[in-house]
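A.B. asks: In order, the protein sequences belong to chains G and Y. Numbers 1 to 423, taken from the working numbering, label the letters of the first sequence in order. Numbers 1 to 183, taken from the working numbering, label the letters of the second sequence in order.
I should point out that these hints are in silico values taken from the structure, not numbers from a laboratory. Do not take every clue at face value.
Pairwise CB distance ranges, derived in the manner of DEER restraints [as the list claims (entries may be wrong)]:
no., chain 1, residue 1, chain 2, residue 2, range
1, Y, 102, G, 285, 32 to 40 Å
2, G, 16, Y, 17, 46 to 54 Å
3, Y, 45, G, 303, 50 to 58 Å
Quick look at which bits of chain G chain Y covers, simulated, 3 or more residues with Cβ under 8 Å [unchecked claim]:
no., stretch
4, 170–181
5, 186–198
6, 272–282
Where a beta carbon is used, it is the ideal one built from N, C-alpha and C, also for glycine.
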Amino acid sequence: MSGHSSYQPKTGIERWLDARLPIVRLMHDSAVSYPVPRNLNLLWTFGGILVFMLVAQIVTGVILAMHYTPNATMAFNSVEHIMRDVNFGWLLRYLHSNGASMFFVAVYIHIFRGLYYGSYKAPREVLWILGVIIFLLMMATAFMGYVLPWGQMSFWGATVITNLFSALPVIGETIVTFLWGGYSVDNPTLNRFFSLHFLLPFMIAGVVVLHIWALHHVGQNNPTGVEVKDVKKDTVPFTPYATIKDLFGMVCFMLVFAWFVFYQPNFMGHADNYIPANPASTPAHIVPEWYFLPFYAILRAIPDKLGGVIAMGGAIVILAFLPWIDTSKVKSMTYRPIARQFFWMFVLVCIGLGYLGAMPADEPYVTLSRILTVLYFGFFLALALIGIFERPAQLPTSIADSVLGGSGARLGHATASEPQAKG
Amino acid sequence: MAHATDTTGTEPTRRDFLMLTTGAFGAVGVGALVVPLVSQLAPDAQVVAAGAPIDLDLAPIAEGQAIKLFWRGKLIFVRNRTKKEIDEALAVDIATLRDPQTDQQRTKAGHEKYLVVYGSCTHLGCVPLGSSPGEPKGEFDGWFCPCHGSHYDSSGRIRKGPAPLNLPVPPYAFTADTKIKIG
């Protein structure tokens with residue numbers, strides 16, 4: 001996609017470095033001269049926002065680790081110590097805990113963006129799968145981070161989630177004992193979760209590098225889903241165009257983030273987690289953090305333990321197979337009149353599952369969860385079928401045409417169906 | 001290198017032998033290294049030592065009352081059942097149970113009034129309610145798990161809800177008429 005490097009070292013020092021380690025050239029080629037489709041909308045700023053959130057979480061997290069004690073008898077108090085005694089500890093902790101939620105807000109928008117505009121289709125399958133891996137790593141990291149304050153929700157959340165593995169036949173119980181390092185969730189569990197919670201963000205950073213590498217190799221998708229045909233006409237340089245737009249998106253996002261941190265810092269948490277962990281008493285309603293609720297609803301919808309675990313895992317893993325499930329060659333839902341309806345239904349189903357995941361395990365919520373679980377998986381079946389008979393709307397001949405009004409010739413073949421010129 | 005060209009799939013060379021043995025040694029070495037890396041995840045000696053058997057006196061538990069205690073970090077319910085609860089547990093048709101077990105299999109002969117079970121829901125490990133006065137006991141006079149709505153009967157058997165199995169009975173034995181040793 002990028003073609004020849006346009007980097008011109010100006011000074012002697014730059015030339016000297018460029019001949020030995022072309023790192024400035026790499027930065028220049030990937031963040032300055034890198035061509036981006038000229039029609040990207042604000043939804044494309046979430047990649048940059050996510051990088052910002054990852055860095056913010058690592059910075060605040062490393063600082064919190066300097067004041068936190070990963071011990072079952074001291075963890076809860078050390079978190080209160082951060083909140084009350086450490087200079088700006090309250091701010092750092094609220095940035096980190098709300099940062100986790102905002103990270104998921106951004107990643108869900110990013111994923112739905114990819115779904116709507118078909119960013120998972122050839123040649124971006126590997127890019128998409130790397131994204132699913134990042135999502136899984138994020139979930140593991142967030143889960144273990146939530147255990148660290150060792151409050152009631154921490155403890156019982158850890159108990160419920162680690163017990164999911166006991167559903168596996170034969171080896172399940174052994175795996176759970178090895179996860180716990182004991183016969184129940186206890187101090188050894190807290191210690192290893194702290195260690196892994198510190199490690200995983202750096203693994204995420206590693207996969208993010210691969211994700212961006214894959215992205216820059218195949219080039220960005222865009223709202224039309226039509227590939228870049230003429231780099232001169234269809235693209236603009238990353239700097240200043242995408243840089244400024246990303247910064248604008250980031251600042252808007254930070255406004256929302258700051259509002260939560262300064263005005264509603266506990267809105268996305270649970271009051272029960274300000275009660276120290278008590279292995280003898282389960283809170284009345286165990287609910288995971290909001291970003292796990294849709295999957296939690298799917299888990300509870302299946303009346304069989306192993307089946308529930310498989311359905312929940314399958315709900316995430318199925319995303320990785322999306323490039324081969326969707327049979328349509330047209331990427332953007334903008335040009336897919338039927339699939340588009342299903343997409344918005346899928347969004348509503350996910351929100352509905354999120355709502356049901358927060359409700360107690362009673363009727364009518366259980367039945368509704370079952371219906372929505374069927375609809376969740378039904379969306380993927382629909383994508384497989386719709387592509388066979390759906391007649392897509394006419395695609396613009398190029399990205400430039402779609403934004404600059406196109407050439408006069410375009411009016412001529414209004415009915416000529418050209419589903420996709422390039423895979 | 002000279003002799004390697006004309007040995008197309010016939011005699012293994014000395015180089016092949018060296019490659020195989022080196023590879024085999026490497027594989028064994030990596031395998032041996034994995035053992036400590038995985039084994040350290042298991043419960044350590046201190047945790048295991050803290051899991052030694054414990055003695056419990058049942059005499060203070062009044063009829064209809066239940067107590068909670070911890071063994072190996074796991075919650076255990078000990079219940080002194082009423083006549084009504086025992087009768088209900090015995091009256092159940094075993095064939096209708098999800099995890100078929102008779103009440104006799106879950107208690108010790110001669111001590112049927114005492115039920116000893118792990119206080120951890122077999123669904124996802126929450127603590128079922130029903131041991132303390134005023135807590136809901138579910139539809140079968142036993143326990144009710146508030147997390148995902150599993151109902152256990154007065155023998156600790158799963159009767160309704162997502163849990164797959166009965167509340168397990170920990171290993172224990174009567175050392176005297178009202179004394180047990182758990183573990």
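A.B. asks: For this structure, which hints from the list above don't hold up?
C.D. replies: 3
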